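J.: Sequence:
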Amino acid sequence: MRKFGIEEEAVLVEAASLRPASDAHAVVEALQHRPDTGERVTTEFLNSQVEHSTLPHERAEDARVELERARRAVDVAALDAGLTPWRSGTPFDTPPVQAPQLAPGERYERVADEVGWLRHGHQINATHIHVEVASRDEGVRVLNASRPWLPLLLALGANSPHWQGLDTGFASWRNTHHRRWATQGPPPECDGADDYDARLAALVGVGPTVDVGTVGWLVRLSERYPTVEYRLFDAQLRADDAVTLALVTRALVGALAANETAGARVHPELLDAALWHAARDGLEGTLLHPVTGEHAPAIEAVEAFFDVVLPTAGDDADAVRDGVERLLRLGYGAARQRAALDEGGVAALRRVHLTDGG
Numbered sequence: 002m003r004k005f006g007i008e009e010e011a012v013l014v015e016a017a018s019l020r021p022a023s024d025a026h027a028v029v030e031a032l033q034h035r036p037d038t039g040e041r042v043t044t045e046f047l048n049s050q051v052e053h054s055t056l057p058h059e060r061a062e063d064a065r066v067e068l069e070r071a072r073r074a075v076d077v078a079a080l081d082a083g084l085t086p087w088r089s090g091t092p093f094d095t096p097p098v099q100a101p102q103l104a105p106g107e108r109y110e111r112v113a114d115e116v117g118w119l120r121h122g123h124q125i126n127a128t129h130i131h132v133e134v135a136s137r138d139e140g141v142r143v144l145n146a147s148r149p150w151l152p153l154l155l156a157l158g159a160n161s162p163h164w165q166g167l168d169t170g171f172a173s174w175r176n177t178h179h180r181r182w183a184t185q186g187p188p189p190e191c192d193g194a195d196d197y198d199a200r201l202a203a204l205v206g207v208g209p210t211v212d213v214g215t216v217g218w219l220v221r222l223s224e225r226y227p228t229v230e231y232r233l234f235d236a237q238l239r240a241d242d243a244v245t246l247a248l249v250t251r252a253l254v255g256a257l258a259a260n261e262t263a264g265a266r267v268h269p270e271l272l273d274a275a276l277w278h279a280a281r282d283g284l285e286g287t288l289l290h291p292v293t294g295e296h297a298p299a300i301e302a303v304e305a306f307f308d309v310v311l312p313t314a315g316d317d318a319d320a321v322r323d324g325v326e327r328l329l330r331l332g333y334g335a336a337r338q339r340a341a342l343d344e345g346g347v348a349a350l351r352r353v354h355l356t357d358g359g
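Reminder that position 21 of the sequence shown reads as 22 in our numbering, one-by-one numbering, no gaps.
It is possible that part of the hints are untrue.
Unchecked claim - Derived DEER-like restraints, expressed as beta-carbon distance ranges:
| id | residue 1 | residue 2 | range |
| --- | --- | --- | --- |
| 1 | Gln33 | Arg225 | 15 to 25 Å |
| 2 | Gly286 | Asp198 | 29 to 39 Å |
| 3 | Ala194 | Ala82 | 41 to 51 Å |
By construction, these hints were calculated from the structure, which means they are not laboratory data. Everything numeric in this text was worked out from a predicted model, so none of it was measured. Ideal Cβ positions, reconstructed from N, Cα and C, are used throughout, including at glycine.
With these hints in hand, go ahead and build the complete structure from the sequences.
T.: In structure tokens form, the structure reads like this:
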């Protein structure tokens with residue numbers, strides 16, 4: 002069974018205003034002195050963000066236990082500082098025009114200098130899923146084959162409907178927001194690892210791409226680990242949701258490594274539009290059907306995923322099906338946030354983040 006890891010970001014917000022605070026660095030320092038979190042908790046691009054990375058795991062339960070333990074530690078440290086962890090692709094509210102405070106580091110300062118005004122609104126938080134591959138060449142084959150499946154993955158992980166206190170009309174405003182950066186979207190189809198590395202290297206020095214780690218493709222090879230890294234998921238309300246997305250991703254990688262032609266061949270312009278469409282509608286409209294390459298009701302895209310992926314998912318098959326069906330039945334992140342705000346206003350939305358966060 003391939004190992005997987007989960008990196009997740011959260012923004013620390015002021016309890017009353019729900020706007021991002023700039024105190025994450027102190028919270029992170031407190032967490033780094035704990036034996037159960039230590040160096041696996043860091044700041045991110047902004048000083049309002051905190052990131053936790055799990056160890057590599059084979060068993061879903063081990064990942065869930067670690068993730069829940071880390072979330073509880075973050076919650077306690079943040080609440081002690083008078084802050085609230087907000088696990089969403091975007092904070093509920095942001096100041097209309099105000100440059101957020103960067104986390105310390107020359108690299109972040111270089112990126113901020115290169116993106117100009119984009120920095121002012123760059124309040125976004127993601128869940129990144131790493132899945133083990135046998136080699137960089139296998140990883141590139143998986144990247145190529147992942148293309149028609151990306152809109153479905155994006156929709157499953159959509160959890161950022163709000164911006165500046167309003168419903169944006171998008172299930173994933175984070176993904177829509179992030180499209181403005183120099184390198185975004187799916188990677189190009191590449192002819193092996195050497196071709197991939199050459200294309201990646203050519204981007205360094207272009208705009209804010211100060212190194213290969215700042216290439217913002219939705220899925221890419223990790224430069225630190227023997228993994229493919231799926232970066233299109235929003236930060237998740239619940240640890241269970243993050244683990245479900247990890248199992249979905251691992252099952253997909255296994256299926257595509259075994260059969261690279263399992264999905265449709267989708268032209269770049271259609272895929273780009275389909276990703277925008279998925280960010281808007283989430284699981285509540287139509288999605289690119291990953292096998293036919295045409296738009297269809299979201300449930301048909303999910304059923305195609307089950308048909309292709311579950312036969313090779315082994316012991317993960319039941320957990321993958323149950324997890325996805327739970328998201329459809331109880332609501333994925335964006336749907337739950339919208340329902341809470343509609344039914345009980347900001348107080349109910351705050352409760353969703355406090356009660357679902359573990």
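J.: Each hint should be assessed against the structure and marked as holding or not.
T.: Verification of the supplied hints:
no.	hint	verdict
1	Gln33 - Arg225: 15 to 25 Å	holds, 19 Å
2	Gly286 - Asp198: 29 to 39 Å	holds, 37 Å
3	Ala194 - Ala82: 41 to 51 Å	holds, 44 Å
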